[in-house]
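Trainee: Sequence:
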Amino acid sequence: MDLLHHPLAFAMLASYFIGALPTAVIIAKRVGNIDILEQGSGNPGASNIYRLFGPQWASATLMVDLFKGYLPVVLSQQFASSMIHPIYAQNEIAVMVWVGFAAFLGHVFSPFLRFKGGKGAATGMGATFAIAPQATTLAILVYGVALFIWKKFAAGTLAAALSFPIFLYFREGGQEPESLIWGLLVPILLVTTHRQNIARIMHGDELPMNSAKGENKEG
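Start counting the sequence shown at 105; every next residue gets the next number (my numbering).
To be clear, the hints were calculated from the coordinates, so they are not data collected in a lab. Model, not experiment: these values are computed from the prediction. Treat the hints with care, as some may be off.
What the hints assert, rightly or not - Straight-line C-alpha distance at most 20 Å; calculated EDC-like pairs for lysine to aspartate or glutamate:
#: 1; residue 1: Lys220; residue 2: Asp309
#: 2; residue 1: Lys255; residue 2: Asp309
#: 3; residue 1: Lys220; residue 2: Glu142
Claimed, not checked - With beta-carbon atoms standing in for the labels, derived distance ranges:
#: 4; residue 1: Ile253; residue 2: Asn195; range: 33 to 41 Å
#: 5; residue 1: Met167; residue 2: Lys220; range: 18 to 26 Å
#: 6; residue 1: Gly248; residue 2: Arg218; range: 27 to 35 Å
#: 7; residue 1: Pro111; residue 2: Arg275; range: 26 to 34 Å
#: 8; residue 1: His110; residue 2: Phe216; range: 18 to 26 Å
Glycine included, C-beta positions come from ideal geometry on N, C-alpha and C.
Work the whole structure out from these sequences, hints included.
Mentor: Following this line, the structure appears as structure tokens:
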């Protein structure tokens with residue numbers, strides 16, 4: 105298949121590889137000369153960087169991972185609105201959803217990490233902010249409150265993910281089919297990637313955000 109003649113497939117493939125860039129792995133190697141997959145929780149994400157190197161490098165990781173989801177979706181919006189073929193212009197939200205989904209998959213199943221990866225919260229949030237900024241902002245506030253109360257990254261992420269469809273429906277006209285699909289897809293994806301965290305939360309074994317590095321898997 106000639107991807108240049110299938111622009112959506114090309115956009116999704118490009119988004120997948122952007123999402124697949126292993127930010128936390130690169131930062132951990134550069135800053136501490138360590139393999140983050142073998143340290144802390146073993147998760148290549150901002151939460152594990154926080155445990156290993158503190159808030160400064162965690163913030164840097166978070167911002168890059170957010171951008172990995174945000175940039176492809178914003179570019180796909182411009183691409184859809186400028187295409188001569190009406191199918192893209194008329195289905196702008198659908199194009200953005202597919203491209204955002206590809207970025208999420210890239211982060212979770214990175215070819216640079218033998219198709220392993222992080223849990224996709226930050227990259228998914230970046231994509232979601234590009235698609236539905238108001239609902240995402242409200243979900244981020246829920247994340248902050250949940251993190252303050254429970255002091256667990258996973259609890260904050262899950263609270264934000266589960267609240268997002270509600271905000272999407274009431275704040276951004278989420279009644280459209282594409283928006284409904286995205287609103288349901290986000291919590292399903294994040295609950296799936298955080299299923300081990302959920303099990304630990306239910307058993308009271310989930311570690312707080314400031315737990316010492318090297319403890320059991322979290323984040």
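Trainee: Hints first: check each against the structure and report whether it holds.
Mentor: Do the hints match the structure? See the list:
1. Lys220 with Asp309: violated, 24 Å
2. Lys255 with Asp309: holds, 13 Å
3. Lys220 with Glu142: holds, 13 Å
4. Ile253 with Asn195: 33 to 41 Å: holds, 40 Å
5. Met167 with Lys220: 18 to 26 Å: holds, 22 Å
6. Gly248 with Arg218: 27 to 35 Å: Holds: the Cβ-Cβ distance is about 34 Å, inside 27 to 35 Å.
7. Pro111 with Arg275: 26 to 34 Å: holds, 30 Å
8. His110 with Phe216: 18 to 26 Å: holds, 24 Å
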